[in-house]
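**Q** Chain residues, written in single-letter form:
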Amino acid sequence: MRDYDVVVVGAGGAGLRTAIESARDPSIRVAVVSKVYPTRSHTGAAQGGLNAALGNADPSDSPEAHAFDTIKGSDFLADQDAVYFMCQQAPEVVYELDRWGVPFSRLPDGRIAQRPFGGASFPRTVFSADRTGHVLLHTLFEQALARENIDFFNEFFLLDLLHDGQRVKGVVLYDIKNGEVITLRAKAVVLATGGFARIYWQRSTNAIGNTGDGVAVAFRNGIPLKDIEFIQFHPTGLSKTGILLSEACRGEGGYLINKLGERFMQRYAPAKMELAPRDMVSRAIEYEIREGRGFGEGTSAYVLLDLRHLGEAKIKERLPQVRQLAIDFEGVDPVYDPVPIRPTAHYCMGGIHIENYKTSSTPLEGLYAVGECACVSVHGANRLGGNSLIELLVFGKFAGISAREYAKQVDFLPITQGELRKGEEYIEKLFKREGTEKLADIRRRMGEITWEKVGIFRDEKSLSSAYEELSELLERWERIPVVDKSRIFNTNLIELLELRNMLELARAVAFCALHRRESRGGHYREDFPERDDDNFLKHSLVWQDGDRLRLEYKEVRITHHQPAERKY
Amino acid sequence: MVVRIKRHPAGREEFNVDMEPKATLLELLIKLKEEEDPTLTFRSMCRAGICGTCAVKVNGKPVLACSVRVENLGEELFIEPLEGYRIIKDLAVEHETIYERLRLAKVWLMPAQEYEVLPHHLERVSRSHECILCGICDSVCPVLQTGSSFGGPLVLTRLYKHLYDPRNIKQDLENLFGLNPQLCTHCMNCSYACPKRLMPEAHIREEELLLVDKGLLRKESGGFEFLGF
Chain A
1 MRDYDVVVVG AGGAGLRTAI ESARDPSIRV AVVSKVYPTR SHTGAAQGGL
51 NAALGNADPS DSPEAHAFDT IKGSDFLADQ DAVYFMCQQA PEVVYELDRW
101 GVPFSRLPDG RIAQRPFGGA SFPRTVFSAD RTGHVLLHTL FEQALARENI
151 DFFNEFFLLD LLHDGQRVKG VVLYDIKNGE VITLRAKAVV LATGGFARIY
201 WQRSTNAIGN TGDGVAVAFR NGIPLKDIEF IQFHPTGLSK TGILLSEACR
251 GEGGYLINKL GERFMQRYAP AKMELAPRDM VSRAIEYEIR EGRGFGEGTS
301 AYVLLDLRHL GEAKIKERLP QVRQLAIDFE GVDPVYDPVP IRPTAHYCMG
351 GIHIENYKTS STPLEGLYAV GECACVSVHG ANRLGGNSLI ELLVFGKFAG
401 ISAREYAKQV DFLPITQGEL RKGEEYIEKL FKREGTEKLA DIRRRMGEIT
451 WEKVGIFRDE KSLSSAYEEL SELLERWERI PVVDKSRIFN TNLIELLELR
501 NMLELARAVA FCALHRRESR GGHYREDFPE RDDDNFLKHS LVWQDGDRLR
551 LEYKEVRITH HQPAERKY
Chain B
1 MVVRIKRHPA GREEFNVDME PKATLLELLI KLKEEEDPTL TFRSMCRAGI
51 CGTCAVKVNG KPVLACSVRV ENLGEELFIE PLEGYRIIKD LAVEHETIYE
101 RLRLAKVWLM PAQEYEVLPH HLERVSRSHE CILCGICDSV CPVLQTGSSF
151 GGPLVLTRLY KHLYDPRNIK QDLENLFGLN PQLCTHCMNC SYACPKRLMP
201 EAHIREEELL LVDKGLLRKE SGGFEFLGF
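As given, the protein sequences belong to chains A and B, one line each in that order.
Residue numbering for the first sequence follows our numbering, beginning at 1 and increasing consecutively.
Residue numbering for the second sequence follows our numbering, beginning at 1 and increasing consecutively.
Just so you know, these hints were derived from the structure itself, not from any lab.
Hints should not be assumed to be uniformly reliable.
Calculated pairs, DSBU-like style, for lysine-lysine (alpha carbon to alpha carbon, straight line, at most 30 Å) [said to hold, decoys possible]:
#1 A:K438 - B:K22
#2 A:K177 - B:K6
#3 A:K314 - B:K196
#4 B:K214 - A:K240
#5 A:K259 - B:K22
All of these numbers come straight from a predicted model, not from anything done at the bench.
Generate the whole structure from the sequences, applying the supplied hints.
**A** Here it is in structure tokens:
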């Protein structure tokens, strides 16, 4: 067992930003845990940029305008005080990153350039070509590497949280490389393990590892999850693989075209056209496909993203990665041909319930959560493009401060022999498990259920059947054996652990979606197609009590803008 | 198609598999793990060529498994782990050394408080920001394999972006001197192998000239002595 003041689980943008802030005091010992290596985290896949009202491209922009756009984009489900806080802090964290070496694209006079993005009333998104997340992640990693009081635990998988019901006391980790279970005792723990959009296994833009491990572990330990029925489907996933093409494609002026050659967004958002928010554009594409105006059929149907009119030079300068992805994974060069795309599960608006947005604290004392695994909530029912990176930077910074200052005030809690053995015993039990179920079959079935029944269009029937079927899959999960008996780099075991996390979360998503009988943002119920502020202008909180799920609702904090119809 | 895989310490090595020609090598590996042998071990993460996790060798050539298509690899495949790193299991090799090299070489920027960055400052270093730390360049570097004091293409490419960044106040010239860019033989293996086409060798050449310019390294006239042979 080792002791750390602050243990950060997850080493993407959120985890690294938090760790850097916690480590500002050299007397504080910080551990950063990742099941991969920090630079392989999914933050690196973010392409388009991050939103901050710097006013460089248009001086009339302001943090207030950024906040309003975010709240409107959220379909009024975001907590408005938290949104204002984020938008006011946004410029400073961007300048911090600039000082640390992120190569932001510049205006000729050296100021940071900004581009238009979906749902934004001004060109506000700062960027580094179309590899913004990559350079941000690598810069944060190098800054964390420079700090002597940060230790990295690379390729360690989170098994469990230790706590006494009131306060967190540590984490239990599985060392992937040698099969040992270790415990890190901690005064404060920050979960920053990212989202779980891999529950849509076959149609997700996410990295293979985005299985919601931190969210599931928190959930099993009695911590409520908030608004998890809100899943964002990104309009422009590549048709074959679901690999993401950045929102920058639309930001830079790309067209969406149906089989008749129409820019069909004219029908759905005549003012904003392709730059309407993601939920609206995704639904529009699916309507077009459903009405027979898409190409192909069934799961392989698609519409076209046309960038050709931007010209070769602009595509190469502003969208080099998009071009390469389209060539490598779809076999199409956007300079010469339109690219087949289809909406794809992309982002989880919901996550671990945050009680205080200024500290990112959860209901368990000493436990914090940041980034996509957390729900502050600033995204409400639909996140605007460019708001995830800014969220993890702002709230990572303040969670880092909070965890650090909390750790200074408290002592370590004792950990019992039983707690030390529990993780090891669990792993042993898995190795001894017998059964004939196949991991890959259950995982694939999970992906089919979520896509068909908890997807872009939902109703009572689809959701209740998804809930039942996912519960069955969870039972079948108990009968999947670990085929690989090795203790060295056992990815078969890791996939089994990840699948449990995904199934538990997928079932909870279906449960919350079933009970939200309205349509709002990313959650669209065909049987309740209207937003219902009288009954559902509230956050859903779900608990896992043993095998049962329990739901409660919580008020949305409306401090500035009364809910209005959301038109673009 | 026939797929042979070098296993460590042991395991089934030959597979017959039908793949759609457009499928990637990573999809092939996933299919084998799902349908044939769940003990087959390899790493993967983003599936899109940006995280640098899934480098392996196929038919002798180092590649990112997610970014090459099966149809371009021939009817028979031989897949093996990257060279130059300790094999942990099957295709998974020890990557900790990549990160340890970065730590030892202090590859990070020390922020200035006041600075001006113009577009041309960033143009020069733009490509070196695109390194994904896949480790392929180091795996094909003959100088590194001899255990010399050469910093290697990975570290030198990563350091390059800080050498010319107006925001960096760290004295990276001395740092660079310790990494001995002059030991590069300019064989170009790294530049040919880099899956992001970053030309590490060109960066190393510039770094070597920078040291000469600053008087930290003496360039021998016409001879090859300074190359370290």
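**Q** Between K214 (chain B) and K240 (chain A), does the CA-CA distance stay at or below 30 Å?
**A** 52 Å, violated
**Q** Assess, step by step, whether the Cα of K259 (chain A) is no farther than 30 Å from the Cα of K22 (chain B), and give holds or violated.
**A** Holds: K259 (chain A) and K22 (chain B) sit about 24 Å apart, inside 30 Å.
**Q** Would the pair K177 (chain A) and K6 (chain B) pass a check requiring their Cα atoms to be no farther apart than 30 Å?
**A** 19 Å, holds
**Q** Take a quick look at whether K314 (chain A) and K196 (chain B) sit within 30 Å of each other, Cα to Cα.
**A** 20 Å, holds
**Q** Take a quick look at whether K438 (chain A) and K22 (chain B) sit within 30 Å of each other, Cα to Cα.
**A** 26 Å, holds
Of the numbered hints stated above, the single one contradicted by the structure is hint 4.
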